[in-house]
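Trainee: Spelled out, the chains give:
Number of protein chains: 2
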Amino acid sequence: MALFSTIAVLGGSGHQGRGLAQRLTIAGERVIVGSRDPERARTAIAGWPAHARAEAAANRDAVARADLTILAVPFPGVAALLAETADQFTRDALVIDVTVPVTFVGGKMTMIAVAEGSAAQHVRAHLPSHVRVAGTFKTIPAHLLDDLERPLDCDEFVCGDSEAARVQTSALVQLLPGLRAVDVGALSRAESVEHLTALAIAINRRHKIHDARFRVVGLPSGY
Amino acid sequence: MALFSTIAVLGGSGHQGRGLAQRLTIAGERVIVGSRDPERARTAIAGWPAHARAEAAANRDAVARADLTILAVPFPGVAALLAETADQFTRDALVIDVTVPVTFVGGKMTMIAVAEGSAAQHVRAHLPSHVRVAGTFKTIPAHLLDDLERPLDCDEFVCGDSEAARVQTSALVQLLPGLRAVDVGALSRAESVEHLTALAIAINRRHKIHDARFRVVGLPSGY
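So the protein sequences, as listed, match chains A and B. So that you can map any letter, position 106 of the first sequence is 106 in my numbering, and since no number is skipped, the others follow by simple counting. So that you can map any letter, position 56 of the second sequence is 56 in my numbering, and since no number is skipped, the others follow by simple counting.
Bound conformation, chain A alone (with noise of 0.2 Å):
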């Protein structure tokens, strides 16, 4: 059975929300992939393979119709799409947010100041008080989910304004094989992941690499 009835993944054909569509409707999932442009997001998903093929529509459409939206736009994106899509998001519907505050200035990279703290906080008060938020998804590389055939191997930092919209949004992270999700409290630990990324792609960049993500040592096994 599928964990929600409907997913909406809000830059589903882009960069960052591919990999997490198609891996979520391979795991059974129902997706909708959320655009500004539905054609042209219909367009990109039929060149996907067919086991991981999703629905198209668009934004406000795909909010409407989800019990679970995943924002995977890039950061200075978030504050006009949820301007347009705010009043459509369903009574309890969780929103997770997966973006990460950097940017690339002459090829360096630097963490944009978010007046709310972190990403997470930034989406959280775009959002009217019914709608429940978490983030994660933050820490692993957008072109490693994005190659569906490459094994994911490590943990996914899950932070909400609420112990039930963690426990969902752990419950999904594990639907991807590979990923172990692991709960760090309230949502303005957004932060701390959010600087985790920006290491991930120090150490890339440092090393050339292209895939640095993490484990946590010294969890119960089996946790």
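Possibly wrong hints are sitting among the right ones.
The list cannot tell twin chains apart, which means a pair is met if one copy fits it or any two copies do.
Restricting the straight-line Cα-Cα distance to at most 20 Å, the calculated cross-link-like pairs of lysine to any residue (SDA-like) are [to be verified]:
hint	residue 1	residue 2
1	K108	H126
2	K108	A186
3	K208	A80
4	K108	K208
5	K108	V167
6	K208	V105
The hints are simulated quantities; they were obtained by calculation from the structure and are not laboratory data.
Given the coordinates of chain A, assemble chain B onto it according to the supplied hints.
Mentor: Frame of chain A; chain B shown alone:
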């Protein structure tokens, strides 16, 4: 052959430094434990196992005799300690900052805002320019270092203000069995590394464990 002629561990009889001081002597390094109260440090060292014995000295003396100084005092004491010792550092001395700017208020952990961006940059700002600075041993739990029989089994992130400082620091890290040094670049990356420590503390509290630490996935084997 020892990697350094003499290593001063300031705060080496305290919570943060004593495991490090002992493990470095076991690895063959000559260690001076610097203290405000060398008599007390001497008494502490006398209780260490024979194969982990170090010398004790006043902070200024320890620094003057060392080519490597490790700062293992609580973060809030760093500025005063460096004001007291700055004129004693030898030319081209290397300083390794292991401090993390976190505080516990009413049982809740929060990060201390550091004007310079990170603890490591704070240290840099309080030292003369002829002294080199690196940061590491920030994410390994102090009490794990202190339990000499336990394997460490994790990565340590190394940042520093020069390639040479990072190479020397990485070599030092790898003197301790079970540790792999991961060079993350410029000293300013310490901000992200220090967030990783905050994340480890959050994971410890949430999962009622004591030893959360990290490994990087995706580095070439043999790295």
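Trainee: If a hint holds in the structure, say so; if it does not, say that too.
Mentor: Cross-check of the supplied hints:
When the C-alpha separation of K108 and H126 is checked against a cutoff of 20 Å, the pair qualifies neither within a copy, at 29 Å, nor between copies, at 26 Å. Taking the shortest alpha-carbon separations for K108 and A186, only the inter-copy value of 12 Å comes in at or below 20 Å, while the best intra-copy value is 30 Å. Proximity of K208 to A80 under the C-alpha cut-off of 20 Å is found in neither arrangement, the shortest distances being 35 Å within a copy and 40 Å between copies. Taking the shortest alpha-carbon separations for K108 and K208, only the intra-copy value of 15 Å comes in at or below 20 Å, while the best inter-copy value is 38 Å.
In this assembly of identical chains, K108 and V167 lie within 20 Å of each other by CA distance neither inside one copy nor across copies; the values are 36 Å within and 22 Å between. In this assembly of identical chains, the alpha carbons of K208 and V105 lie at most 20 Å apart only when taken from the same copy (19 Å versus 41 Å across copies).
Violated hints for the displayed structure, listed by number in ascending order: 1, 3 and 5.
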